[in-house]
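The lines below spell out each chain.
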Amino acid sequence: MDEANGINELTTQDQELVLLISVGLGAMLLLALLVVFFFIYYHKRYQKQAQDLDFLQQKLINAEILTQENERVRVAKDLHDVSGSMLGSIKLFITKIKKDMPEEKHSLIKEEVLQYVDETISSIKEIVHQIVPGNLERFGLCPVLEELFHTYEKLHPATFEFQAELNERFNLQQELAVFRIIQELLNNTIKHAEASHISLNLEHSPEGIQVMYEDNGKGFDVNSYVKSSADLGGLGLKGIKSRISFLDAEYRIRSRPDEGMQLTFSFSPNPTIDSHD
Amino acid sequence: MIQSISKILMGLSGFSVTIPLIFGMYFLAELRWSQIFLFYLVCVSVLFEAASVYSSYVLFDNNLSLIHIFTPIEFFLIVLIFRHGLKSKFLCSWAVPLGIAFVIFSILNSLFNEPITEMNWVARSVESCLVIGLTAHYYYLTALQLKVERLERTPMFWIATGLLLYFASTFMIMISNNYLVSRNLELVWWVMWGIHAFFGILKNVFFTLALWTRPTESTS
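First to last, the protein sequences are chains A and B. Under our numbering, the residues of the first sequence are numbered 104 to 380, in order. Under our numbering, the residues of the second sequence are numbered 2 to 221, in order.
The set of hints was computed from the structure by calculation and includes no laboratory data. Treat each hint with caution, since some may be false.
Unchecked claim - Straight line, CA to CA, 25 Å or less: simulated PhoX-like cross-link-like pairs of lysine-lysine:
no., chain 1, residue 1, chain 2, residue 2
1, A, K151, B, K8
2, B, K88, B, K8
3, B, K88, A, K344
4, A, K257, A, K199
5, A, K294, A, K344
6, A, K344, A, K321
7, B, K148, A, K162
8, A, K147, B, K148
9, A, K202, A, K180
10, A, K257, A, K228
As the list claims (entries may be wrong) - Ranges of calculated distance between the beta carbons of each label pair, as one might list FRET restraints:
no., chain 1, residue 1, chain 2, residue 2, range
11, B, N63, A, R148, 29 to 39 Å
12, B, I9, A, V138, 17 to 27 Å
13, A, Q152, B, K90, 15 to 25 Å
14, A, D157, B, K90, 44 to 54 Å
15, B, G134, A, D157, 17 to 27 Å
16, B, K88, A, V235, 41 to 51 Å
17, B, K90, A, Q154, 27 to 37 Å
18, B, L142, A, V139, 14 to 24 Å
19, B, V47, A, Q365, 18 to 28 Å
20, B, E150, A, V138, 44 to 54 Å
Ideal placement from N, C-alpha and C gives every residue a C-beta, glycine not left out.
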């Protein structure tokens, strides 16, 4: 009887042993499997993110190419419309010149030709200025932006406010990118926002330089902007986004319907030496 | 049989800590902060392991007092590893206060609760929970940020995995120990310590890998 009890006790103890060891081993095995699962899950998620990023980058490159192509078409059109027709006129006047022509008529044609040449030169200068503002390299970003604001002020009824606390120069490519962003923002505001007040502020920040552009126009829903910027909606936005990426800038956009728009971006300026060498 | 295997594993576990020590010394000049603190942890482990062996086999003395000193030092170094390896806002502000709080708790526990001649079960259990929490924080942040391309090339992955498995097995022993002792289940006790020793060896292998890997800019 005692022996039988002993066997029963041993059996119960054995069961406890097996159960405890199984639970312990099972728990540790489960934990190890969880780590393996985490490892696989992480890499799958990382690969998907990398693919999405590639896709977005490709779209950004496409947008950049499209922007460049449109710019080329615009320049070609300007050259054809303005310079082409003027040079055609000059050619026409020159063919009229004959050896036995009266001196009076000769002078008249000469004056006409000179006038057309002057106009052609100023037209070409204007086109070149639109491609790369010449003053930018000579005087730097702030004076050129100020000049741009003055030009817009003369042409549009809105009030334009320009403030800059920067005296130093930085990399020409960066200056050009900031100039283009502001130019695009001004175009967008004039075309779509119906703003009565536009302001631009450039100042030093912990990141380097902070640019704040603001208008009191119609504004828009930022969420839909974010979606459209993910899809790279309008061409203007694409250009702004790609230039902000080029500057490697941190940006923040605030806007609501009927409450205007504010775009702030900060970037670290590179020294001028790189670009002006 | 099981007892013998467990004893071998426990011996190997104590010896295996010299492997990351050798690797750490070899790569010492190239180590980053998280790896440097890991190296300190390995050095401290080797010292205490040696002291423990000396105390047991030469002096034939109770070596449990050593674990009372080792536990707070170990936890403080682990917290510093995570602080420098993870660079999370939470750990930047709370790592050092957490480490100090645990050191105070551990000292108070040794003074008033668990005498230094006995195993510090409470402090060890709390330490295990906190380290498991830190590793969970690491896994959560890593999955959230998705910054690292090759996880296996980051020291923190190996450190966190080694610590998670080791302290999970420690915690398992801590919660089952009283039950095993009260029911006189000596065999299971040996099995549990055998498993713990196995994960101790695994932890040291992972520490070696952590000291071996050269992290890239975004992976540390």
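Violated hints, by number in ascending order, as checked against the structure: Numbers 1, 2, 3, 4, 9, 11, 14, 15, 19 and 20 - these are the hints that the structure violates, sorted from lowest upward.
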